[in-house]
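Chain A is fixed; fit chain B onto it per the hints.
Top to bottom, those sequences are chains A and B.
For what it's worth, my numbering labels the leading residue of the first sequence as 1, then goes sequentially.
For what it's worth, my numbering labels the leading residue of the second sequence as 214, then goes sequentially.
Worth flagging that the hints you see were computed from the coordinates, not collected in a lab.
Misleading hints may appear alongside valid ones.
Once the Cα atoms are required to be at most 27 angstroms apart in a straight line, the calculated BS3-like pairs of lysine-lysine come out as [said to hold, decoys possible]: (1) A:K164 with B:K369; (2) B:K320 with A:K175; (3) B:K347 with B:K388; (4) A:K156 with B:K377; (5) A:K156 with B:K369; (6) B:K312 with B:K347; (7) A:K107 with B:K388; (8) B:K356 with A:K198; (9) A:K198 with B:K312.
Quantities reported herein were computed from a predicted structural model and do not represent experimental measurements.
2 protein chains.
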Amino acid sequence: MNSQLESFSQQAINEMEIGFKVNLINSITGAKSANLIGTLDEQGIENLAVFSSVTHIGSSPALIGFFLRPNAEVKRDTFNNILNRGEYTINSIPRTLIKKAHTTARKYPAECSEFIECGIESTYLENIAVPFVKEAPIKIHLKLKQVVPIEANATKLVIGEVAKVFVHKSLLGTKGHIDLQAGQVVSIGGCDTYYELKQLDRFDYSMIGAGSF
Amino acid sequence: MNSQLESFSQQAINEMEIGFKVNLINSITGAKSANLIGTLDEQGIENLAVFSSVTHIGSSPALIGFFLRPNAEVKRDTFNNILNRGEYTINSIPRTLIKKAHTTARKYPAECSEFIECGIESTYLENIAVPFVKEAPIKIHLKLKQVVPIEANATKLVIGEVAKVFVHKSLLGTKGHIDLQAGQVVSIGGCDTYYELKQLDRFDYSMIGAGSF
Numbered sequence: 001m002n003s004q005l006e007s008f009s010q011q012a013i014n015e016m017e018i019g020f021k022v023n024l025i026n027s028i029t030g031a032k033s034a035n036l037i038g039t040l041d042e043q044g045i046e047n048l049a050v051f052s053s054v055t056h057i058g059s060s061p062a063l064i065g066f067f068l069r070p071n072a073e074v075k076r077d078t079f080n081n082i083l084n085r086g087e088y089t090i091n092s093i094p095r096t097l098i099k100k101a102h103t104t105a106r107k108y109p110a111e112c113s114e115f116i117e118c119g120i121e122s123t124y125l126e127n128i129a130v131p132f133v134k135e136a137p138i139k140i141h142l143k144l145k146q147v148v149p150i151e152a153n154a155t156k157l158v159i160g161e162v163a164k165v166f167v168h169k170s171l172l173g174t175k176g177h178i179d180l181q182a183g184q185v186v187s188i189g190g191c192d193t194y195y196e197l198k199q200l201d202r203f204d205y206s207m208i209g210a211g212s213f
Numbered sequence: 214m215n216s217q218l219e220s221f222s223q224q225a226i227n228e229m230e231i232g233f234k235v236n237l238i239n240s241i242t243g244a245k246s247a248n249l250i251g252t253l254d255e256q257g258i259e260n261l262a263v264f265s266s267v268t269h270i271g272s273s274p275a276l277i278g279f280f281l282r283p284n285a286e287v288k289r290d291t292f293n294n295i296l297n298r299g300e301y302t303i304n305s306i307p308r309t310l311i312k313k314a315h316t317t318a319r320k321y322p323a324e325c326s327e328f329i330e331c332g333i334e335s336t337y338l339e340n341i342a343v344p345f346v347k348e349a350p351i352k353i354h355l356k357l358k359q360v361v362p363i364e365a366n367a368t369k370l371v372i373g374e375v376a377k378v379f380v381h382k383s384l385l386g387t388k389g390h391i392d393l394q395a396g397q398v399v400s401i402g403g404c405d406t407y408y409e410l411k412q413l414d415r416f417d418y419s420m421i422g423a424g425s426f
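The following block holds chain A by itself, in its conformation from the complex (with noise of 0.2 angstroms):
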């Protein structure tokens, strides 16, 4: 079995080429949430990014967290308009969008919408003041909670409180399951990969969430 196994020490992965760095250390944690993230500057421009870093934190209260990097150009303007506006949204990505999501992570001048540039339609919902991704099947509205500055590498914890939440009908179970899979709701490996999800099991206890949501 060991000699099955490739490793990478410490040392060598400070001084690895940075392109293999980044693949290999994004990879290894397995494959991660995709979202949309919207937001409005003071002009009223739309702003849309894609991340996968959106991390659940807590249902009581209902907690949402994504991480920023400090020299993330491209998600500068994310971060000013959530800290404007206080507000934002988190938005799923459907199969069909994938590659005008991973567009979004282009630096776009802060005076061109990427819902616009990257031909995704936005959608406002009731009375909320923040875009949503029309083709999203899951769609939350959140208001800024706290920003937390991480001292290891100088990135920062962005949560929100859920304020609203919106799924398409077809995808609610009667037990608050939603369906991941009939949503086409993708995942990223990497920076660079996305994933399509095929159940495979549910099972019927909820030890996890007994013990760490």
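Chain B in isolation, oriented as in the chain A frame:
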């Protein structure tokens, strides 16, 4: 479109039956990484627990985090062991292990090893003191870097620096990508639903990497 959407307000979420709420709020971020965290207590008893909050935090240095609830009784051993020893392992879950992995979330007495109780084989690699999951195609040795208290809901973000990575050779691409589909690495939806991954596409520019990793 709007008539096809079910919506839940913040108040409705707060007042929801707890099981429905936990399933719903854990599902809305999309599928999450599935990993087993291996530790060793002061008496040398092995501990293993499944987590769905393992998240990439940065590549330079290589940092990985996970979230712990304040009242996470079944995960208390994991945290105490990490604090005591300063090191731990994160192991991917292949589809052959999902049922056994899920049962690690049950509450076992501290003197029991989940490796034994759940029938998961441990392995020790090189001179690393903490146990890995033998069947995991990706195995990571981490050293505790920082524990970040999250004020918003009294959780903790536990951050480790990658000390060594072991990857099954057949999964490692020439540019550092790991083939998660070939490794049969699973993801978790909600608290109880396991998904396998099927690669849709890889885009030839890693813009996300440039921007946010």
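Hints versus structure:
no. : hint               : in the structure
1   : A:K164 with B:K369 : holds, 25 angstroms
2   : B:K320 with A:K175 : holds, 23 angstroms
3   : B:K347 with B:K388 : holds, 25 angstroms
4   : A:K156 with B:K377 : holds, 25 angstroms
5   : A:K156 with B:K369 : holds, 15 angstroms
6   : B:K312 with B:K347 : holds, 16 angstroms
7   : A:K107 with B:K388 : holds, 23 angstroms
8   : B:K356 with A:K198 : violated, 34 angstroms
9   : A:K198 with B:K312 : holds, 16 angstroms
In summary, the structure is inconsistent with hint 8 from the numbered list given earlier, while agreeing with all the others.
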